[in-house]
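2 protein chains.
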Amino acid sequence: MAEEKGITPRATDYSQWYLDVIDGGDLLDDSPVRGCKVLKPHGYAIWEVIQRVLDQRFKDTGHVNAYFPLFIPMSFLSKEAQHVEGFAKECAVVTHHRLRSFDRNGEKGVEPDPESALEEPLIVRPTSETIIWHMYGRWIDSWRDLPLLINQWANVVRWEMKTRPFLRTAEFLWQEGHTAHATSDEAKAEAYRMLDVYADFAKDTLAIPAIKGRKSVRERFAGAEDTLTIEAMMQDGKALQAGTSHFLGQNFAKAFDVTYQDKEGKREHVWATSWGVSTRLIGAVIMTHSDDQGLVLPPAVAPIQVVIVPVYKDAERAVVMEAVDKITAALKGRVRVKVDDRDHLRNGAKYFEWERKGVPLRLEVGPKDVAKGQAFAAPRVKIGDEKKFGIAFDGIADKVEEVLARIQATLYATAVANREARTYDVDSAEAFKQALDEKPGFYRIAWGGDDSDEDRVKEETKATLRCYPLDAPSVEGKTCPITGKPAHSMAIFARAY
Amino acid sequence: MAEEKGITPRATDYSQWYLDVIDGGDLLDDSPVRGCKVLKPHGYAIWEVIQRVLDQRFKDTGHVNAYFPLFIPMSFLSKEAQHVEGFAKECAVVTHHRLRSFDRNGEKGVEPDPESALEEPLIVRPTSETIIWHMYGRWIDSWRDLPLLINQWANVVRWEMKTRPFLRTAEFLWQEGHTAHATSDEAKAEAYRMLDVYADFAKDTLAIPAIKGRKSVRERFAGAEDTLTIEAMMQDGKALQAGTSHFLGQNFAKAFDVTYQDKEGKREHVWATSWGVSTRLIGAVIMTHSDDQGLVLPPAVAPIQVVIVPVYKDAERAVVMEAVDKITAALKGRVRVKVDDRDHLRNGAKYFEWERKGVPLRLEVGPKDVAKGQAFAAPRVKIGDEKKFGIAFDGIADKVEEVLARIQATLYATAVANREARTYDVDSAEAFKQALDEKPGFYRIAWGGDDSDEDRVKEETKATLRCYPLDAPSVEGKTCPITGKPAHSMAIFARAY
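As you go down the protein sequences, you meet chains G and R in turn. My numbering numbers the first residue of the first sequence as 192 and each following residue consecutively. My numbering numbers the first residue of the second sequence as 192 and each following residue consecutively.
Note that these hints are calculated values from the structure, not bench results. Heads up, some of the hints might be wrong.
It does not matter which identical chain is used: a pair holds within one copy or between any two.
As the list claims (entries may be wrong) - Here are the simulated lysine-lysine pairs, DSS-like style, with alpha carbons at most 30 Å apart:
1. 457 to 579
2. 523 to 250
3. 523 to 653
4. 517 to 196
5. 280 to 299
6. 504 to 445
7. 590 to 523
8. 394 to 523
9. 250 to 394
Since the model is a prediction, treat every value here as computed from it, not as a measurement.
So here's chain G without its partners, still in its complex pose:
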């Protein structure tokens, strides 16, 4: 079980702080498999909430779920030229389907059986465009079959050499939407609709103010015509790509020859999108909201929203537990509540544990509170003048919901304020580079560069073009401060995770 070691303050070492928060929250553990982590129960429970809320949003927008094979024939990857370029360097390859025992001079063990070598190796999916578009070729024939709006919840593997918990691991959990449309316009509209779904979800559930934007050509998904992104800013001013939605044009339809007959009887290739978010979102939540005391979870994504700690000496047990049972009954079905009635732990140890696990609201109930007809509320983050305050038993569920809503709003407002405080306009190339070191954040540039200018900025500053924000003001008539060329788009540059 998680050891009770201290959490390194953010100011001392931000990277170590992040690892300590994860440890203290009991979210994740190392595994014996290179680059793979174990999602411990409290970490996985956050993913379960994300799944439940997002899945409903997908269904509300007309999508259904399905499940496609984990394995992709090696030859499929090559069918879309950019796609194989993007994924060939980091994929797990299955080459055999059996082990055999060996005994060589007393050294015993098992090894892949050479006689079980596959004719064609299989790739463990890094993403499923290829196999899904192969299937769509079987399913789509007429305009009546369109649009096809399918999502998959799955594990994927990308053999990353440099990993970071939640943000970059060899295996991770995600969802991938894959849709097929009759027209380019309809597919584009779908890509933008799903970007909105992600941005709204980030705001409403994760309390993360993400910027909606388009990726530059350099940063596009391998095989996409256009990649849309939600970019979030972490507390240290670095950017995190939190979700992407791709307009794939007809690239995959052509690679897998998927056509449909329109109402006039003509055959045309189908238009596509794909979009995904992953367990990386948990990393985004941690880095947006947590503090030097450990994990902070917005109520909407917290697996446990309220923990009730009964506080009593032996003789007072009955009266306290009766009140606790009543409160629990009132809250059940409205908020996710847990009673911590463990006998072998002191109250202080309980408070400490739930604080580190990021539970948004703690209710303490002791005999004096019961006599006064109230519980003591201790929100995980300060939402008013007092750190703790009484909540009357009478109508407690309404009041608890109200407190949770205030916590959610406070976290969102704080994240917005942090982002605003760390967003800068760039006037000159020299100032930009120096500023990046001194004040990490989002740098708005009236950008006039091309691909190679973008490469140069990346090499010189380690900052990347995060996105062209969708709601940016016009740059007409402006000159790019970095390249001296006429600006073509407002862009955000930042160092990123």
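With chain G's structure known, arrange chain R on it following the hints.
Showing chain R alone in chain G's frame:
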């Protein structure tokens, strides 16, 4: 999309009937990967219901979910001798982590990059005991850490040479519970508790009357001390193992050296269980309830419980749709309802499609029905004297729920009756073999055989010892009709999927 071809009657060819029902229900499709299928939206939606209901049952019994790596280091499998024996012959082996391009005299392609060969190959999990018990070794130290009650929803791969949709595929979806306990008794109790959870779920949700029993030594899970099973009978009299719960003793704790310190300060190895059900359950549902018209789904597991078909000519549209909207609003939140308002399909085609998709109840609403203040109800299976009957708009949600409950009860009763009718007592060895051919079913035998007797029966009759039922009468003093030895346990033999 699924073609509208006929369904082979069960009496003509049961195996083909099964495939036709799956096709007609649009549940599954072949994939380009050997042994792997695609779960199409309607098939996956059944799995989603199963997941939701079972997950709640697991949580109600104190379990939490977590997620462990897809890959298992090859050496881990070998740590438990029986376990590697059971799984080495059918596992997908990852040996490389990168592809490289090649161009040999104009032949272009990609291939595993020899320089990316892994030092130790990885196995795609066929089940997760080994990696989970490795992790439990990090998490368990004291009696305070026990019991540890964790479940995982995941995909697994077993390289099956002979596959059958839902029942046996190379990759499949399942859940696997893995629990750790301080005592043998507690672990055994857990194994039996989860068997009850499975049996209750099979009855209440799937309308499948499963027999709870213990597996023989021969049929045990590789690495278990005791395997419990729920055995279901399909309509053709064959058995299907629908779920298993294993008491693993200290086998995995010893293989991975997982010990705990008890309250007296002594260290002991931990006791374990594991238990799982898979997408195979969907095959069990199909084979238990469906008929020559196609798929039949019990309401509790049907993704769509009620389909409403508005029946009108153009001028009547407004009045009909107003009624349909009211019914839908009344049903929403209480039953899973869908309105089929597609314009390009005739009513007959709609009825046909939903029948094949197994929707338990169809409501037809036409202008005459609206005038009479009622909808016409057509249950997928006959539940009374009339095939169709009116249901008044007034209080329609209550009545629909009542009809669905009657459908569920009817399906269960029919399945029980089918099993009873095909369960036989065996008096002599000769009669047994002949009977198996003529009357496939469950054969109750006061069994006195040992492992080799069991092997012989299997070889001679293709029937296996399905289980020793938990609630069997005593066989004291009886003689085994097959072996002539004194009977030690009542056993059920059957041919199985």
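Status of each hint after checking the structure:
1. 457 to 579: Cα proximity of residue 457 and residue 579: none, with 69 Å in one copy and 43 Å across.
2. 523 to 250: Close inside one copy (26 Å) and across copies (15 Å); limit 30 Å.
3. 523 to 653: Classified as neither: same-chain Cα gap 49 Å, cross-chain 53 Å, threshold 30 Å.
4. 517 to 196: Result: close neither inside a copy nor across copies, 36 Å intra and 59 Å inter.
5. 280 to 299: between (33 Å within a copy, 17 Å between copies)
6. 504 to 445: neither (73 Å within a copy, 42 Å between copies)
7. 590 to 523: Both: 14 Å inside a chain and 29 Å across chains, each within 30 Å.
8. 394 to 523: For residue 394 and residue 523, both the intra-copy (25 Å) and inter-copy (28 Å) Cα distances are at most 30 Å.
9. 250 to 394: Cα proximity of residue 250 and residue 394: in one copy and across copies (19 Å, 29 Å).
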